[in-house]
Amino acid sequence: MIYSESLALLRELYGPAAQFREGQYEAIEATLLHRRTLVVQRTGWGKSLVYFICTKLLRKRGIGSTIVVSPLLVLMDNQIEAAESMGLRCDAMNSTTKERRSVIIEQMKRGDLDLVLVTPETLFKEDIQTALPHVRIGLFVIDEAHCISDWGHDFRLEYSRLREVLQILPHSVSVLATTATANDRVVADLERQLGEQTFVSRGSLARDSLWIQILHLEQKAERYAWILENLEKLPGSGIIYCLTQRDCDYLADFLQKYEIPALSYYSRDGKEEKKNREAEEALKQNRIKAIVATIKLGMGYDKGDIAFVIHFQMPANIVSYYQQIGRAGRNIDRAYVFLLYGREDEEILNYFIRTAFPTREETEQIIETIADCEGATRVGLESRLNIRRARIEKALSFLQNDGYVRKDGAKYYLTPKPFVCNEDHYRAVTETRYREMEQMRDLVRTRECCSKYIVRALDDRTACDCGHCSNCLGRPLLPETTSFACREAASSYLNGRLLTIEPRKRWIVSSATEGKRMEYINQPGICLSKYGDPGFGELVKRDKYSHSNRFCDELVGRSTEVLMPLIRKHGITCVTCVPSLRSSIVEDFARRLAASCRLPFLPLLQKKAAAPQKRMENSSHQCANAFQSFFIGEGCDIPDKILLVDDVVDSRWTMTVCGYRLMEQGCREVYPFALADSSRKEA
Numbered sequence: 001m002i003y004s005e006s007l008a009l010l011r012e013l014y015g016p017a018a019q020f021r022e023g024q025y026e027a028i029e030a031t032l033l034h035r036r037t038l039v040v041q042r043t044g045w046g047k048s049l050v051y052f053i054c055t056k057l058l059r060k061r062g063i064g065s066t067i068v069v070s071p072l073l074v075l076m077d078n079q080i081e082a083a084e085s086m087g088l089r090c091d092a093m094n095s096t097t098k099e100r101r102s103v104i105i106e107q108m109k110r111g112d113l114d115l116v117l118v119t120p121e122t123l124f125k126e127d128i129q130t131a132l133p134h135v136r137i138g139l140f141v142i143d144e145a146h147c148i149s150d151w152g153h154d155f156r157l158e159y160s161r162l163r164e165v166l167q168i169l170p171h172s173v174s175v176l177a178t179t180a181t182a183n184d185r186v187v188a189d190l191e192r193q194l195g196e197q198t199f200v201s202r203g204s205l206a207r208d209s210l211w212i213q214i215l216h217l218e219q220k221a222e223r224y225a226w227i228l229e230n231l232e233k234l235p236g237s238g239i240i241y242c243l244t245q246r247d248c249d250y251l252a253d254f255l256q257k258y259e260i261p262a263l264s265y266y267s268r269d270g271k272e273e274k275k276n277r278e279a280e281e282a283l284k285q286n287r288i289k290a291i292v293a294t295i296k297l298g299m300g301y302d303k304g305d306i307a308f309v310i311h312f313q314m315p316a317n318i319v320s321y322y323q324q325i326g327r328a329g330r331n332i333d334r335a336y337v338f339l340l341y342g343r344e345d346e347e348i349l350n351y352f353i354r355t356a357f358p359t360r361e362e363t364e365q366i367i368e369t370i371a372d373c374e375g376a377t378r379v380g381l382e383s384r385l386n387i388r389r390a391r392i393e394k395a396l397s398f399l400q401n402d403g404y405v406r407k408d409g410a411k412y413y414l415t416p417k418p419f420v421c422n423e424d425h426y427r428a429v430t431e432t433r434y435r436e437m438e439q440m441r442d443l444v445r446t447r448e449c450c451s452k453y454i455v456r457a458l459d460d461r462t463a464c465d466c467g468h469c470s471n472c473l474g475r476p477l478l479p480e481t482t483s484f485a486c487r488e489a490a491s492s493y494l495n496g497r498l499l500t501i502e503p504r505k506r507w508i509v510s511s512a513t514e515g516k517r518m519e520y521i522n523q524p525g526i527c528l529s530k531y532g533d534p535g536f537g538e539l540v541k542r543d544k545y546s547h548s549n550r551f552c553d554e555l556v557g558r559s560t561e562v563l564m565p566l567i568r569k570h571g572i573t574c575v576t577c578v579p580s581l582r583s584s585i586v587e588d589f590a591r592r593l594a595a596s597c598r599l600p601f602l603p604l605l606q607k608k609a610a611a612p613q614k615r616m617e618n619s620s621h622q623c624a625n626a627f628q629s630f631f632i633g634e635g636c637d638i639p640d641k642i643l644l645v646d647d648v649v650d651s652r653w654t655m656t657v658c659g660y661r662l663m664e665q666g667c668r669e670v671y672p673f674a675l676a677d678s679s680r681k682e683a
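In my numbering, the protein residues as written are 1 to 683.
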């Protein structure tokens, strides 16, 4: 009965000759018979079809609605479109549907909707939690289920609370979890969380449509040049993955400058939502050649004819890599996959792995402070603790999620639950992630079939040679070498890109500035490079700690070239610098720069003995430390317009305070200049 009904629905959708793929019907049957079911199948296998058909049959029997927990908005859009094509009445609850949420909740209570997609963050909102006991649920689906497991490549803290839901769901509610990216360790963890006797549908992960090549291009400029040289040679449209938001923006901008239509895509607390939707739609309609994205586009983007995926940097692990290349070649016979591997990749990945979990010291300091204050705001914690804001926010999220801290309005309070640090578990997961990164290192070095290596690393025992990756063919799909013109274009772009030093306009709450108003504000400044980036950023990093204690003449020359238009335009009359008690490298550079710009150098600022600014971890401590450190020497005649020089800028508080001190003493305009920006705010 179940089989004939399911097959009829399949053929209604795909035609009279349609047949289930291997394992599809078995997953449908297990789900409908109230077994907890885990589907681990490759991208494009049809996991969503399983719960669409289950929903259709359950609703036909008068059983409750389906709730699908899904992590990404783009995934929801695609799924609603597919579900509606089967005649299902659907809606979604996420950050874009806040205004309609009460209406959707009422529809759910009345049973008017067959299927509702919801993000985990939204699912745990108070109004939804209050309403759920009054909603008849027939099927509870966790899509991208690997996000539950902190052993997985893309663990999400908000997903972990779904464990609570699984424990309280009535046995009459069917549960289905789906993922394309889970190795043996993650599958075992998911089985444990779903419960005993979970039915597992697990198939071959090989994707015959993918033609893979790995290229060793150490310098970022080499990769820019390779993409410029080869992108238009590739058929159709596709995705270029980058590890950081900054790389997405820069690479998309570079391609646009050479008339290759490309848009960047990433998430930054929902602020990029409109831009992302426009980029998704442009790719969907093939109006752009490539979308340049972070892993936020890694799950669920359903465009069947994506013809290529390029990784600008090495992903963190094989599972993540497999998921991302799985966007390509779903409904076409051949798609190209290129992994560009360079020397900064591991530095970025090590940072992400190292900062994934809060430390014992961070969590204990936060708990002690909340206890001492009998409740504390995030800003209050920043002012009392020398811990980065992002680290405080991460620790608070974990403490809230584990039930040690609760939030009421803007304040955090301790719960009665005794705190136990999960340090051993975090360490074990971190060690696993380092081992998984080692697998990626092995992939970029392997001589065996790339596809076989990837699926075998995912614990797929059916792995075999694909016959058409560059290793199998014994030749590259596209040459690694690039033309002189493309290399010049890449170097010119990377060296010519200047960063803006945005002026800070108000004091942060700190011990030194409480109650003070920022009466004097710097002009927008110029930063020559990103610290460590190819070109000038690399020169700054090399020279800053060299034995010569001197920045090279090339940096002086390029800085002069950049600054002369600013000096002429605004009538800047002198150069000064941020003083240091430990090194003369900045003053030496500023004096040479002043001479090159034909301006006098004046040592106007002085510094008191204080802790190094780089040891200050958050804005509150950086502001206070800088405010207490710098002052103007006695008897200084302060010019009207000053160029303020430093080597590296991060929080901007040093520049802010030094400019403030100069303007306090009569300067009208201060223009900051730094050789490199070392901030990690885009990572």
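Just so you know, these hints were derived from the structure itself, not from any lab. Since this is a predicted model, take the numbers as computed values, not measurements. It is possible that some hints are incorrect.
In silico DSSO-like pairs for lysine-lysine, Cα to Cα no more than 30 Å straight-line [as the list claims (entries may be wrong)]:
1) 60 <-> 109
2) 516 <-> 541
3) 505 <-> 569
4) 275 <-> 257
If you anchor each label on the Cβ, the simulated ranges turn out as follows [as the list claims (entries may be wrong)]:
5) 444 <-> 565: 41 to 47 Å
6) 679 <-> 424: 31 to 37 Å
7) 371 <-> 249: 40 to 46 Å
8) 442 <-> 464: 36 to 42 Å
9) 100 <-> 202: 33 to 39 Å
10) 386 <-> 208: 53 to 59 Å
11) 372 <-> 444: 36 to 42 Å
12) 386 <-> 476: 47 to 53 Å
13) 615 <-> 550: 42 to 48 Å
14) 129 <-> 333: 45 to 51 Å
A virtual CB, placed ideally from N, CA and C, is assigned to each residue, including glycine.
Going back to the hint list, which numbers does this structure go against?
Hints 2, 8, 11, 13 not satisfied by this model.
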